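Visitor: Residue-level listing of the chains:
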Amino acid sequence: NAGVTQTPKFRVLKTGQSMTLLCAQDMNHEYMYWYRQDPGMGLRLIHYSVGEGTTAKGEVPDGYNVSRLKKQNFLLGLESAAPSQTSVYFCASSYMWARAEAFFGQGTRLTVV
Amino acid sequence: SQELEQSPQSLIVQEGKNLTINCTSSKTLYGLYWYKQKYGEGLIFLMMLQKGGEEKSHEKITAKLDEKKQQSSLHITASQPSHAGIYLCGADGGGSQGNLIFGKGTKLSVKP
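Read top to bottom, the protein sequences are chains G and R.
Heads up: the first sequence runs through residues 1 to 113, numbered per the numbering used here.
Heads up: the second sequence runs through residues 1001 to 1112, numbered per the numbering used here.
No wet-lab data here; the hints were simulated from the structure.
Model, not experiment: these values are computed from the prediction.
What you were told as hints is all true, and nothing was included just to trick you.
Straight-line distance between alpha carbons at most 25 Å, and here's what the computed DSS-like set of lysine-lysine pairs gives:
1) K9(G) with K1104(R)
2) K9(G) with K1107(R)
3) K9(G) with K1038(R)
4) K1036(R) with K9(G)
Now the stretches of chain G that chain R is said to cover, found in silico as 3 or more residues with beta-carbon under 8 Å:
5) 27 to 41
6) 50 to 64
7) 100 to 112
Glycine included, C-beta positions come from ideal geometry on N, C-alpha and C.
Chain R extracted, bound-state conformation (with noise of 0.2 Å):
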């Protein structure tokens, strides 16, 4: 079955900087989510991704799925206090369809 690595654990960062948390998958990836979640509430939809290659962005917030649809980076320019919050990539666990899976989470603290 599908599993979904996400590196790092957890990155600090000070306000301002630039940084990237990545998304790794054992077979090819199809729909691949990120979602950002703070703490003690529920999570919001980032964006989608599906074709190879495919890039999008909202915000200072930039999503890729590489070619080959086995990684995935999520990148944050100049960061911000706002952005704090774990973030999570999701995508099909395999097997039948509705095996919706998650990885374990990118906890990110943005220093003012």
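Bound-form chain G, shown alone (with noise of 0.2 Å):
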């Protein structure tokens, strides 16, 4: 059972290129978050979704955007990448709201220089 799978697992991207992360998981879960980790801010939320084709805004969405088209899927876009969105990003999923374990992924360190 592979859980919450991230791809990809390094990058490094120019000031102004995109990308898109991919997060899957195989649980079957309705909930999924996106996570930015850096350095003395822990954990921070940046979009979540409650279920297919729905996302929410968390803490920090500026410059992110976030899409739920299948229910074991959430990709988070960066359209135009900045040095301040140089992190590690972790994805999550949940089979209840406040009920149930979040699983994670292994994270995905971006660079941007």
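Could you fit the two chains together into a complex? Lean on the hints.
Guide: Written out as structure tokens, the structure reads:
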């Protein structure tokens, strides 16, 4: 059972380039989340989804877009990457809201130069 | 909106010592999570607390949610080098379902 899989694991982008991070879960979870983790800042929620076709903004949504066209996939897009988006990105999913464990992927380390 | 404050920010303890990490919220906590993260890796689920006064244990780690459901503590007994890492608490951020937020984490180092 793969759980939550993030693709890619590492990426270096030039300022202004675009890219999409893919999060896939095979647990039939309704809820999915994208976080960024920076030193001293903990995990900050970027966007989340409560089901297929739905998305919502978290704490730090600016500069990112998301889509949840299929229940198992949650995509995070950077349209025009900036150095401030250099971070480690984590995806997570959960079956229920506030009553079940959230499972995390292994992270994507993104560097924008 | 909800904010989670963790204390201390970092902690260095001698192997074998006990320690406590706290997570305090400005609002009532529903579904408080504790996770552990090793450097460069993903988050490992430790336990989840929902009811006021609830206490759960896993090996040498015990977590408790206070009666008012605004503070949780994580206690490690007889710490070992394997306990080293970053501990994060997470909870409902308020506003709408799905707003799962985390504290800034507590970095634990255990000296052999």
